[in-house]
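Position chain B with the ligand against the provided structure of chain A, taking the given hints into account.
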Amino acid sequence: MVLMRVIRDQPIPFVNSISVYEKRSHTMEQMLLTGNEAIALAARDGGVRLGTGYPGTPSTEILENFDRFGGQAQWAPNEKVALEVGLGSAYGNARTLVTMKHVGLNVAADPFFSAAYTGVIGALVIAVADDPGMHSSQNEQDSRRYAEAAGVPMLEPSDSQEAYDYTLKAIEISERWNTPVMIRLTTRICHSKSLVTPLRDPLNTRPAAFQRDIPGLVMIPAYARIAHQRLRERLNEIAAWNEKEGPFVEVEGDADTGIVTSGVSFMHACEAAPKARVLKVGMTYPIPFRRIRKFADGVKRCVVVEEGDPWLVTALKAEGVPVTGKQERYRFGELTVDRVRRILNNDTSPEPKPEPGRPPRLCPDCPHRVAFAALSKANCIVTGDIGCYTLGVLPPFEAMDTCACMGASIGVGLGLRHVLPREEARRVVSVIGDSTFVHSGITGLAEMAYNPPPTGHVVLILDNDITAMTGMQEHPGTGRRLDREETPSKLNYEALALSLGIQDVHVCDPVDDPEDFERMLNDALANERLTLIVARKPCPLLTRKTAASEASCEAAKS
Amino acid sequence: MRSGEIMTDDPVTSVVLAGIGGQGIVTASNILSDALRRHGYDVKKSEIHGMSQRGGSVCSDVRFGRRVMSPMVPVGTADYLVVMEPTQVGPNRHVLRQDGVLITPDTAAYAIESNSDEPDPKAEKLLNVALLGVLSAYLDVPGACWMAALRGNLSERLHDMNIKAFIRARTVETMARLVTDASKPNRR
Ligand SMILES: Cc1ncc(C[n+]2csc(CCOP(=O)(O)OP(=O)(O)O)c2C)c(N)n1
Chain A
9 MVLMRVIRDQ PIPFVNSISV YEKRSHTMEQ MLLTGNEAIA LAARDGGVRL GTGYPGTPST
69 EILENFDRFG GQAQWAPNEK VALEVGLGSA YGNARTLVTM KHVGLNVAAD PFFSAAYTGV
129 IGALVIAVAD DPGMHSSQNE QDSRRYAEAA GVPMLEPSDS QEAYDYTLKA IEISERWNTP
189 VMIRLTTRIC HSKSLVTPLR DPLNTRPAAF QRDIPGLVMI PAYARIAHQR LRERLNEIAA
249 WNEKEGPFVE VEGDADTGIV TSGVSFMHAC EAAPKARVLK VGMTYPIPFR RIRKFADGVK
309 RCVVVEEGDP WLVTALKAEG VPVTGKQERY RFGELTVDRV RRILNNDTSP EPKPEPGRPP
369 RLCPDCPHRV AFAALSKANC IVTGDIGCYT LGVLPPFEAM DTCACMGASI GVGLGLRHVL
429 PREEARRVVS VIGDSTFVHS GITGLAEMAY NPPPTGHVVL ILDNDITAMT GMQEHPGTGR
489 RLDREETPSK LNYEALALSL GIQDVHVCDP VDDPEDFERM LNDALANERL TLIVARKPCP
549 LLTRKTAASE ASCEAAKS
Chain B
7 MRSGEIMTDD PVTSVVLAGI GGQGIVTASN ILSDALRRHG YDVKKSEIHG MSQRGGSVCS
67 DVRFGRRVMS PMVPVGTADY LVVMEPTQVG PNRHVLRQDG VLITPDTAAY AIESNSDEPD
127 PKAEKLLNVA LLGVLSAYLD VPGACWMAAL RGNLSERLHD MNIKAFIRAR TVETMARLVT
187 DASKPNRR
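Order-wise, the sequence lines are chains A and B. Positions in the first sequence are counted from 1; adding 8 to them yields the working numbering. Positions in the second sequence are counted from 1; adding 6 to them yields the working numbering.
Treat the hints with care, as some may be off.
As the list claims (entries may be wrong) - Using 25 angstroms as the maximum straight-line C-alpha spacing, the simulated DMTMM-like pairs for lysine to aspartate or glutamate come out as follows:
| # | chain 1 | residue 1 | chain 2 | residue 2 |
| --- | --- | --- | --- | --- |
| 1 | A | LYS361 | B | ASP85 |
| 2 | A | LYS553 | B | ASP166 |
| 3 | A | LYS361 | B | GLU91 |
Bear in mind the hints are in silico, worked out from the structure with no lab data behind them. Since we're looking at a predicted model, the values are computed, not measured.
If we strip away everything but chain B, and leave its shape as in the complex, we get:
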C-alpha cells in the first residue's frame, strides 16, 4: 500500500496575477490567498519582490487545493491569468494552460465599468480589487471569505470603495457567466 504518496492529480488550481510595480499586484494576491485560506484550502503564494518598486514587472503565483506542494506555477498550467497592465499580457501568456481563463481590463471591460455615482473601478487604485471581483466569479469561495479577506488586507479608509468595486465586478461577471453558460448547451 502506498499510503505516503503525494498525488499530483490532487486538483490544484493555479492563478497568476501580473502587472507592473505600483498596481497592487501583491495586495491583490494577498487578498486572494487570504480568502482561499479562510475557505479552508491549502494555499501557497509566491512572488518576486525587490525591483518592483522601480516600475519593473511584477508577477504573483497563487496555488490552492487540498494540498499544494511547489509554490510556483509551472509554465502552461495556470488556470487563471489576471493581468492588470496590457503590456504584460504578452510576457505572461505562456503560463496559462490551453483553455485557461485570461482576465484583463479589456476582457472584463463590462464588469469594471463605472456607475456615475460610484468611484471608477478602472481607476488605478481600484483596478486590482475589481479584477479580483471578476476572478471571484470563477472560484468556489463564499462571499463572506472574500469580504473578510478584503477587510483584513486593506486599511480601513479604503474598505468602502474597494468592497463596492469588488461586489460590482463579481456580480456582473457572475451574471455574464450564467448567460454564456446557458448559451452553450454542452456545458453543464
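Pulled out of the complex, with its shape left as it was, chain A reads as follows:
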C-alpha cells in the first residue's frame, strides 16, 4: 500500500507503481493547460494512434487539441459510431482515444457494454465529460454509474496534471488487462487550467496488427457467456491492483474528520477542511473497498464528498464501511468550497441563491431566427431538438414545445402526429439542426417514411453548415473534416430523403427570401404529405471565421 503525504509548497505527488512516470523531466518547463489540453497532450505523448468522438461541451476541445498536437483526430457522426471506430482501432492493437460528453455515453452505451465483454488488444481510453450544474447540457447524469454497470475501470482526475497522468495510466491499464478504460471528467476538470509537467520522452508504441480471436471478439451467446466470466475475473484482478497500487492521494490531518473524495471535489475538500484527513481515490471503479475501510476505521467520522449522485457513498455503505454522505440537496449542481464546508458541518441553513447571469440568445443575424418567426406565426406545435436553435424556445419566438435529446424531434413529432386529433396533428413540425440530423435524425426520417402518420409530417432541417452550438465543429454534412480538409463528397440530405421515400423535398435560403420560406412551410402544413424542408444558410459566425482565416492566410502569403 502506498501512503502519500502532501507537503506544503510542493505539488501533490502522483502515486504509482509504473515506471513511465519516473521518466518525467523535472527541469522541463511547466505548462498551463486545461484538462482537455492535458488529455490531448497525454494522448500524443502516449502514442495514441487514433482519436475519435463527437463534439459536446465540455469534452469538445480534447480532439481539437489532439489534432493541434499532431495526432490523427476525427469527428464521427455520433458517439456510438465513434466508440465503434475506436473499438476497431483497439482490436487492431492500436492505442485509441474516444471522447464524448456524458449524454454521448447514452448514445454509445451499446458498444460500451460489449467492449467490456470483448475487451481490446491495444488500448481503448474513453474520456467522458459530465456537466454537474448543467452549464450547457440537458441533464446532469452521473456517468460513474456506467463504469459500474458495464464493468469498465474508471479513473477520475482532480486537475490537469492528473488528467495528463491518468490518460497515460489508462493506456497502461488498458494494455495490461485488455480492457477499455473510462476517464470520467467534469466541466471543472475539462475547462480549468492548471500546471502540467509532461513526460520528457513519449511512450514507445506497438505496430497495429489484427490477430484472429473468434471466441474473444464475436459475441454470440456461447462466447459471450465465457466473456462475462472473464470480465468479472479481470475486474477482480484490477480491484486487487487498485487496492495496492492504485493512484491514491492521502493528506494527513486530524483523526476527527476523514474525507473520502475524488475528482475536483478533492480540491474543494482540502480547502474547506484544512485540518481534516483526506483520502482521494484516483481509480473509483473497481472501488477499492479495503483501502477505504482502513482509512475510515482510522478516523472518528468519515464523510464521502462526491459531486453528483450519492454513488460512492451508497456502495461503501452497502459494504459496511462506516461513512456518511451529503444531504440530498447537494446532489444538484456543482460542489464548491462553500458547499463542501456545509456538507461537513451538516449545515441545514438555506444556501445563497446564485446570481443570474445574462442568458445566451440567438445572434442578431442568425438564420434560425427566420424559421422561428415563421413557425411562431403559423402557430405550429414544434418538436424541437438540441443546438443553437433550441434558443428558439426563448422570447420573442417561444416557438418550441418539446426538446428531449439529440434526434428526438422527428420521432416525437411523428408520435404526436399519430395520436392527436387531425386539426392539431397537422400543425406539428419537427425542427432539427444539420449536425443533429446526421447524429441521430436519419433513422427518424426512415421511420417517417416507414410509418407515415395520417396527416403526413413536416421535418425542417435548419442547415447552417456546421455544429454551431459546441463551437463550430465539422460533420459529414459539411464536406470538411476535423482539420478543415475538404472531403471528396458530402452527405446530401435531399437525396437521402428522396431515397427513403419522402415525397416532397424542398431547399431554400431563409435569409435571402424569408417570404418564400414562410410560403413553403405553410404549403407543407396544408398538403398533409411527408415533407422535408432544408433551410440552408451558413452560420454567420462560421462565415466570419472563414473570412478571417482566409484573410490571415493571404496576409501570410504576401
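Positioned in the frame of chain A, the structure of chain B with the ligand alone reads:
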C-alpha cells in the same frame, strides 16, 4: 508532526474577470494566468465556456499563490473583480471580499483614456488588455512576465497596439496608486 497539512492560510490571491461573450474575457484570463505562471506562482483558472458565444455572460476565476487547491473562487473572497461590461457588475459583485478591489471601465476611466495618436484602449478589442494593465498595477508580477504573456497569447499583428494599451494603463494606474497611497498616512 503534521507535515502533510495543506494550509488554507497559505495566501492565495483570487481574481474574477467578468463580462459578456465576445469581450475577450477568456483571452484576458489566459494572459493573466500565463504571466503569473511565468513569475513562478502556482496558478489555477476556471471558467465556463459553451454558451458564451451566444452573448451570454462569461466569468473567469484565476487563483494564484504558492499552492492553489480549488480552481473556483469562493463567494465573497475575491481580492480583485475586473468587469468589462457595466451590466455585469451587479451579478458579480458578491464574489468580491469586503475590501476587495473593483476594476471597471468606469473606475479606471483615467487609465484607459486614449492619446489621440494611439488606438483607443476603450475600443472593444483593447478593453480587456487595458483593464489587465490596470490590474497589473496591484500584482507582484514583473513587466517582463506580462510582456511574454501578452506576446504568447495574442496573434502577432495585435502585439503592438495591445502592448501599448497595456503599458499605458499599467503606468497610469501605478502612478495613481502612488498618489493615493501617499495621501493615506496610515498605509505603508
Ligand atoms: C448525445 C449528445 N451529444 C452531443 C451533444 C452536444 N450538442 C448539443 S447541440 C449539438 C449539435 C448542434 O449542432 P446543429 O444540430 O448543427 O445545430 P446548430 O447549433 O448548428 O444550430 C451538440 C453536438 C448533446 N447534447 N447530446
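Exercise. Between LYS553(A) and ASP166(B), does the CA-CA distance stay at or below 25 angstroms?
Worked result: holds (23 angstroms)
Exercise. Is the hinted pair LYS361(A) and GLU91(B) satisfied, with a Cα-Cα distance of at most 25 angstroms?
Worked result: holds (22 angstroms)
For this session: Starting from LYS361(A), check that the Cα of ASP85(B) is at most 25 angstroms away, please.
Result: holds (21 angstroms)
In this structure, none of the earlier numbered hints is contradicted; all agree with it.
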